[in-house]
Amino acid sequence: MKRNTSAAIGLAAVAAMALTACSGGGDDDSTGGGATEAAGPVTLTVSGWSLKTTPEFQTLADAFHAKDPNVTIELKEYDPAQYTTLITADLAAGTAPDIVTQKEVKNVSVFQTGGQLMDVSDVVSKLSKDVNGTSSYEIDGKYYGVPYRQDSWMLFYNKDLFDKAGVAYPDGSWTWDDYAQAARDLTTGLKAAGSDALGTYQHSWQSTLQGFASAQTPDADILSGDFEYFAPYYDRVLKLVADGAQVDQGTITTNTLTYQAQFGKQKAAMMPMGSWYVATLIAQAKSGDADTFSWGFAPAPQLDKSTTGTDKTPVTFGDPTAFAINANIDKDKVAAAKEFLAFAASEEAGQALAKIGITPATTTDAVAQTYFAVDGAPTDDLSKFAWTTHKTNPENPTSSKTAATQTILNDMHTAIMTGSTPVDQAIKDAQDRFKSEVGS
Amino acid sequence: MATVVTGDRIHAPGVAPRRSRPGRRLALRNTLIGWTFILPNFVGFALLTLVPVVTLFYMSFTSWNVFGTAPWVGLDNYTRLLSDKSFHTALLNTLYYAVVHIPVTLVASLALALWLNRKMRGVAFFRTVAFFPYITSIVAIAVVWNMLFSPKYGPINQFLGLLGVENGPGWTTSATWSMPAVLIVGTWREMGYYMLLFLAGLQTVPAELHEAARVDGAGPWQRFWNVTIPCLRPTTFFVTVMLTIGSFKVFDLILVMTNGGPGQSTLVLSQYIFQKGFGEFQFGYASAISVVLFLICILVTIFQFLWNKRREA
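Taken in order, these protein sequences are the chains called A and B.
Per full-length UniProt numbering: the first sequence = residues 1 to 440.
Per full-length UniProt numbering: the second sequence = residues 1 to 313.
Listed below are the simulated DSS-like cross-link pairs for lysine-lysine, each with C-alpha atoms no more than 30 Å apart in a straight line:
id : chain 1 : residue 1 : chain 2 : residue 2
1  : A       : K67       : A       : K355
2  : A       : K239      : B       : K152
3  : A       : K355      : A       : K286
4  : B       : K152      : A       : K265
5  : B       : K85       : A       : K428
6  : A       : K267      : B       : K152
7  : A       : K142      : A       : K331
8  : A       : K142      : A       : K338
9  : A       : K355      : A       : K126
10 : B       : K85       : A       : K435
11 : A       : K355      : A       : K159
12 : B       : K152      : A       : K191
13 : A       : K76       : A       : K286
14 : B       : K152      : A       : K164
15 : A       : K338      : A       : K103
16 : A       : K384      : A       : K286
17 : A       : K384      : A       : K103
18 : A       : K401      : B       : K85
19 : A       : K76       : A       : K338
20 : A       : K267      : A       : K355
21 : A       : K401      : A       : K428
22 : A       : K286      : A       : K103
23 : A       : K305      : A       : K239
24 : A       : K52       : A       : K355
Simulated from the structure, these hints should not be mistaken for laboratory data.
Throw the hints in and build the complete structure from the sequences for me.
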């Protein structure tokens, strides 16, 4: 019986074992300032995930090795779904790679306060101004990561379905209300044309809605604990569901709908999604997993007219992905590691990433040219404008409170989107929880 | 004093106050051999269970966040639990799950065992079918059941429609119906396993008792209540204890089926521990919740043991 009762807390217990028994010292940041030039050949280990389907790591490793044959990059593969847990365990055990890829911004402060990341402010200070997303790695005036890719959310649209429904393509002037009206018009037009495709598809993630609301609403901040600004965004999408222009949340979750199939198989004429989907759609169209059709992307719809039009800078959201240096790295490798971080954010690396359809942190005109030269990429001017011109606000503020806040907001999201709780009540519940669980 | 070392004395060496030198050597050798046999299991138990559990108790008094030191915060984590509404929600949901799941699964698995304990054609097939859900991947189960529960297109609501229920429940997309949906799947998945235990128990019921009862004129129902149920008491007790512990620490099924939602309608304690620990790196606080879950499990189990002992007496 004792074994059974012990098993009752098995989850936490085994976790505690895994993470405590082998806890290595993480506070020592003694290597931070002592960068020395590597004398001989250096091998740097870098964490990555799904290496076969995420070619960016190998691309950067090869490009850097070609530039500096003295340094070899060795990739260490992790399960993408368990990346944070696994890399945390490795860091705590002192077995993490030299360069720790920061998959999620919301965890940066945890690693930093735990003394696991090296201060790389000297690398950031020398970067070109074209590098986006560096502020997500700034804590108390110091930088702990260098972004190499910066995805941002846009509006993908299927030109064939727009033509079929007789609705004009987006022109960069859309607010969310214009977008909602277009979705309704598309649904009606497509139905009349004998198609069962819907006007739009907004995936079930909280980001799909909350990311835009937080980025576009003036002075909005999830860490303020005031979530009233989400209300109009929720009202709009719930109306779209009620009007039949968008699949309801229940159907998405119970039928495990994927956004790739919804847009790629032409079940929806529009879809707000991150720029990473460009490479996926091109690849899936080639492999047959997606239909072949004419498509493009427009700037994300805006809160109001003040940021619409191709003469303005539309506001959207997205979190960067960065490389950080393990604070426990061998001193002899620090110089090479910093060199790799600087390279990954450079225009040269940007070109290499753009060639494989990745949106790099550096989006100069030359990088854009490379990106749109990819076979299968859209070539229209609005797509180019959407990709190159936008203000991308981070979805996750760099704070120790972010993870707990996002948990609360996710609960709020599922409660509202399933129709379990009215919008106002769910927002009030979330605000109350924020006060008691996160605090101001 | 006899110098013969019996098997009993090897297990309890203290009872033999004096032994000759060869006797002591033999006792020592046998003790060492005994320890050697249990050592591999003990080392595994100590490393994977004992040390983590002891560490867990210590961690619950700290604000440890994985890295670096674990600052001692005394009872802060426990006082925080008192005002943590999410913890209260998780605790109530866990009790909801346990209070319904334990009796329903107990009755369902016993009924299944009684039905499949008869001599009929294809009994082995039906036993296998009943056990199958228990060994099937939990993720596959969750995906398929979620589709069956789909409010608009799912076969369950379509069937209810045929019975005249026009607006079927929202099941996993409804705050009211998500827990019943999880309970249905949980019971369906586990009753095959407990059925096997009951089947084993039924083989120990002496046929003579049934025969004697029949001769005395007892009907099937009387035989069930007065012969089968009393003879099954050790099995029923074991199943109840296992079910209780399993219900209080339910985790994987809910994680893949509803992820605690919609809102917090299916958030249970194990998931809350996971959320606070691995999602938010509050391992000290997560440890405190684990200790509470441990105490609940152990108190309920002790109560069940005492209850069983009283009935035996």
